[in-house]
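If you use my numbering, the sequence shown corresponds to residues 1 to 255, in order.
Fair warning: there could be bad hints in the mix.
Derived pair list, reagent style BS3-like, types lysine-lysine, alpha-carbon separation capped at 25 Å [what the hints assert, rightly or not]:
hint : residue 1 : residue 2
1    : Lys-99    : Lys-195
2    : Lys-88    : Lys-120
3    : Lys-162   : Lys-176
4    : Lys-117   : Lys-99
5    : Lys-131   : Lys-20
6    : Lys-54    : Lys-66
7    : Lys-252   : Lys-205
8    : Lys-42    : Lys-216
9    : Lys-120   : Lys-131
10   : Lys-221   : Lys-42
11   : Lys-162   : Lys-99
12   : Lys-88    : Lys-156
13   : Lys-20    : Lys-134
14   : Lys-252   : Lys-216
Simulated from the structure, these hints should not be mistaken for lab results.
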Amino acid sequence: MMRSIWKGSIGFGLVNIPVKLFSAVQSSSLDLDMLDGRDHAKIRFLRVNENTHKEVPYDKIVRAYKLNDDYVVIEQRDFEDASPEKTKLIEIESFVEAKDINPMYYETSYYAEPDAKNSKAYNLLFQALKKTGKAGFGRFVLRNTESLCIIHPVEKALVVSKIRFAQELRSTNDLKLPDATVTKKELDMGLALIKQYTDDFNVSKFKDEYTEELLKIIKAKAKGKRPTIKKLKVAKTSSDDLYDQLMQSLNKKGA
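Throw the hints in and build the complete structure from the sequences for me.
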């Protein structure tokens, strides 16, 4: 059962929509424990006082900022006082074309559930965004940290997707990128190959095969066996020429 991780409102103009946020994603990886290789005892990570070397109870731990070689302890109300209007409000500051958002900005997503049975404003925003192809762009505070977000419709729900700030994306200036000239013939062949491979986006037909294979290995080892490991499939062509490789790719796809 999903549990809400944030409660507040989505606001645009003078319209206020009370909502609860629920995590829209979950990990498909296996939950692995760390053990001592000598006796398989679980490894515990303790919060230890560096002076007394004793474990500190969680309720005695505070957060602090080092300023001029000294620490200033920050309390929960300090976080809220820093931006009280953002701790309980996702303010839509503008509407943008959803297709113009660089996917590199996206971090994680949350379902927004209206905190009212008959929220006409929720449905209004959902239908308007869906019809226009636009997304709400705003800010809010989640877990004591200010975040940028995009509000967009998915299926029947509004989704709040946390996105990165511009300064969090690194520049490509330090990369050694190719400057080789591509001929028109090679480009036309590349475009033909892309067209041949073009399909509707359907991520549901892809499964986390690595985790499934790892689980098979784990179950086999538990029985004292070792399963057959799949060999790596490497695509090969009979030519080093780019145009020939593209042509063979087209023929392979069309076969």
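Against the structure, the hints come out as follows:
no. : hint                : verdict
1   : Lys-99 <-> Lys-195  : holds (20 Å)
2   : Lys-88 <-> Lys-120  : holds (20 Å)
3   : Lys-162 <-> Lys-176 : violated (31 Å)
4   : Lys-117 <-> Lys-99  : violated (31 Å)
5   : Lys-131 <-> Lys-20  : holds (24 Å)
6   : Lys-54 <-> Lys-66   : holds (22 Å)
7   : Lys-252 <-> Lys-205 : holds (22 Å)
8   : Lys-42 <-> Lys-216  : holds (23 Å)
9   : Lys-120 <-> Lys-131 : holds (16 Å)
10  : Lys-221 <-> Lys-42  : holds (19 Å)
11  : Lys-162 <-> Lys-99  : holds (16 Å)
12  : Lys-88 <-> Lys-156  : holds (24 Å)
13  : Lys-20 <-> Lys-134  : holds (22 Å)
14  : Lys-252 <-> Lys-216 : violated (32 Å)
Hint compliance for this structure: hints 3, 4, 14 are broken, all remaining hints hold.
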